[in-house]
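All chains should be built: construct the whole structure from the sequences, respecting the hints.
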Amino acid sequence: MADCREQVYSDEFFDFIVSYEETNEQTIAGTCIQRIDEGYDIFYYPREGLPPLSVGSYSYSEIPKCYGLLDQTALEVSGILKMQNQPVLALKGRGVLIGFIDTGIDYTNPAFRYSDGSSRIWDQTIQDGTPPVGILYGADYTREQINAALLSENPYDVVPSRDMNGHGTFLAGVACGSESENGDFIGAAPQSEIIMVKLKEAKQYLRDFFFVKDGVPAYQENDIMMAVSYLNGVANILNRPLVICVALGNSAGSHASEGFLPSYLNYICGRRKRVVVTAAGNEANARHHFQGRIIGEMEHEDAEITVEENTKGFFVELWASAPELYAVTIISPSGEQIPRILVRRGASEQFHFIFEGTTITVDYRIDTKETASQLIFFRFIRPTPGLWTIRIFPQLTVTGNYHLWLPLRELTDGNNFFLRSNPEITLTSPSAARQVITVGGYQASNTSIYADSGRGYTITGEIKPDFVAPAVDVYGPGLLGNFITFTGTSAAAAITAGACAQIMQWAIVDQNNTVMSNTSIKNMLIRGTAKPENRTYPNREWGYGTLDVFGAFQNLRL
Numbered sequence: 000m001a002d003c004r005e006q007v008y009s010d011e012f013f014d015f016i017v018s019y020e021e022t023n024e025q026t027i028a029g030t031c032i033q034r035i036d037e038g039y040d041i042f043y044y045p046r047e048g049l050p051p052l053s054v055g056s057y058s059y060s061e062i063p064k065c066y067g068l069l070d071q072t073a074l075e076v077s078g079i080l081k082m083q084n085q086p087v088l089a090l091k092g093r094g095v096l097i098g099f100i101d102t103g104i105d106y107t108n109p110a111f112r113y114s115d116g117s118s119r120i121w122d123q124t125i126q127d128g129t130p131p132v133g134i135l136y137g138a139d140y141t142r143e144q145i146n147a148a149l150l151s152e153n154p155y156d157v158v159p160s161r162d163m164n165g166h167g168t169f170l171a172g173v174a175c176g177s178e179s180e181n182g183d184f185i186g187a188a189p190q191s192e193i194i195m196v197k198l199k200e201a202k203q204y205l206r207d208f209f210f211v212k213d214g215v216p217a218y219q220e221n222d223i224m225m226a227v228s229y230l231n232g233v234a235n236i237l238n239r240p241l242v243i244c245v246a247l248g249n250s251a252g253s254h255a256s257e258g259f260l261p262s263y264l265n266y267i268c269g270r271r272k273r274v275v276v277t278a279a280g281n282e283a284n285a286r287h288h289f290q291g292r293i294i295g296e297m298e299h300e301d302a303e304i305t306v307e308e309n310t311k312g313f314f315v316e317l318w319a320s321a322p323e324l325y326a327v328t329i330i331s332p333s334g335e336q337i338p339r340i341l342v343r344r345g346a347s348e349q350f351h352f353i354f355e356g357t358t359i360t361v362d363y364r365i366d367t368k369e370t371a372s373q374l375i376f377f378r379f380i381r382p383t384p385g386l387w388t389i390r391i392f393p394q395l396t397v398t399g400n401y402h403l404w405l406p407l408r409e410l411t412d413g414n415n416f417f418l419r420s421n422p423e424i425t426l427t428s429p430s431a432a433r434q435v436i437t438v439g440g441y442q443a444s445n446t447s448i449y450a451d452s453g454r455g456y457t458i459t460g461e462i463k464p465d466f467v468a469p470a471v472d473v474y475g476p477g478l479l480g481n482f483i484t485f486t487g488t489s490a491a492a493a494i495t496a497g498a499c500a501q502i503m504q505w506a507i508v509d510q511n512n513t514v515m516s517n518t519s520i521k522n523m524l525i526r527g528t529a530k531p532e533n534r535t536y537p538n539r540e541w542g543y544g545t546l547d548v549f550g551a552f553q554n555l556r557l
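Numbering (numbering that gives the first Met the number 0), first residue to last: 0 to 557.
Careful, some of the hints might be misleading.
Each pair of labels, with its calculated beta carbon distance range [what the hints assert, rightly or not]:
# : residue 1 : residue 2 : range
1 : ALA346    : HIS299    : 13 to 23 angstroms
2 : PHE549    : THR513    : 57 to 67 angstroms
3 : GLY133    : PRO154    : 21 to 31 angstroms
4 : GLY48     : GLN203    : 18 to 28 angstroms
5 : GLU461    : GLU180    : 36 to 46 angstroms
6 : PRO159    : ASN284    : 51 to 61 angstroms
7 : ARG556    : THR535    : 24 to 34 angstroms
Below 30 angstroms or equal to it, Euclidean Cα-Cα: the simulated DSBU-like pairs (lysine-lysine) are [what the hints assert, rightly or not]:
#  : residue 1 : residue 2
8  : LYS199    : LYS311
9  : LYS212    : LYS199
10 : LYS212    : LYS311
Note that these hints are calculated values from the structure, not bench results. Idealized CB from N, CA, C, for every residue including glycine.
Structure below.
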């Protein structure tokens, strides 16, 4: 057990997410395994003797992606206060658990003093505590331990888990915080119970592989999946309805309902008394999406990337839905050009640009785990500043459509962007997952869209976001016992998670509709959305409209 815990934290071990049905004795031998759920395991392999990390050497899906935080009078416009204050219903989330997967929680904060507060904390960063049953790492703290800590003169001697960032504390407060003494703040579902998972930071080898900036929070996909499994397990033990708020994201993947984390969230959404809310991200104006189309007699198309000085590196993903196939070449700012790389299953090439001193690896995949989509994965190492061109050639086309994405703005090393970008299909993973409730953001003060809010639809044309919620200058608790404002779609997700807890209280706890599911709650909220005029709904920015829980209940009366 101790050896396995070391492997979880050590940078000398690779982490891989593996589908359970693919496990075999050869894979199991000599490594530690962490079960996530029936469908997935995490394998920890010693790096010594293995090939360096690359999409060409390993499966793209099995390499954990790095996820970042999605943030840089909300309840009134969302109809939440009306449902809190309605004398018969009085929906404040009583009896419902809300799970957060984030930076932790300041459980001593006055915002949680008069609410049910934290009932559980799993801190993945603490290496010498008692982990949850069946989990190799972290420290698990129960309601009794948290209450004992709050009665202690030095709470952190009893429960040493801290939120050093503030993001998790803010979101938990917006969703579940109690009313402030002066009455100017209350969370959406103040009688809900909070379960917080504090994520450990990504290992350095993954940060290096994805060129994550120093000092920027980044979290591994496998740790997020373990957090989801933990939250589901606690809710099973307590036999309570659970809302999971995922306010993390990245720009990896095809932007469809695939990938290990999105697939796992879809699975959880299908369980009884479970709801998953995700943020659409803040990438619409990042200029990190290029949408291409090669039609007619076009021989090729160019996707040009502006790279700023002192960029250590970055990666680009090209995705095309089956049966489309494309070949590529790359042209440097000085005009040096590599030979055209033709499609070969599992091909991997490395190129050195003489005048730029830049190395680029290009990996082809046309057999991703869940689809036959083509993936071309580019890593630019020490790119010289200037205009880099990825030239795309058709090999087999029907529609001629393809897409390229740069990584999440918060995680990118350098201000790099496409010269001809497209703000559509800028949802961050896992918000494109089919079953989850995906929330974009708008500014409640003037009913305008939050300009950075991730836009739909998915690459397969599914309508996302489902709707939008307040995301600009949202008011909530800070780390100093004060109140601050946040802007970003993670705040919209937290507000929506509180709204879902209100509905689950009415439906399940108060036994008005005990079979209500994630899908039925999503549809109920969609039907109840307010729709600002002069727009056609649904659309790529607003989805079906703005969150209005009161409107959703009014529809039930009809």
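Going through the hints against the structure:
1. ALA346 to HIS299: 13 to 23 angstroms: holds, 19 angstroms
2. PHE549 to THR513: 57 to 67 angstroms: violated, 22 angstroms
3. GLY133 to PRO154: 21 to 31 angstroms: holds, 28 angstroms
4. GLY48 to GLN203: 18 to 28 angstroms: Between GLY48 and GLN203, where Cβ atoms are some 19 angstroms apart, the hint holds.
5. GLU461 to GLU180: 36 to 46 angstroms: holds, 45 angstroms
6. PRO159 to ASN284: 51 to 61 angstroms: For ASN284 against PRO159, whose Cβ atoms are near 40 angstroms apart, the range 51 to 61 angstroms is violated.
7. ARG556 to THR535: 24 to 34 angstroms: Cβ of ARG556 to Cβ of THR535: about 27 angstroms, so the range 24 to 34 angstroms holds.
8. LYS199 to LYS311: The hint holds at about 24 angstroms.
9. LYS212 to LYS199: At roughly 16 angstroms apart (the allowed maximum being 30 angstroms), LYS199 and LYS212 satisfy the hint.
10. LYS212 to LYS311: The hint holds at about 9 angstroms.
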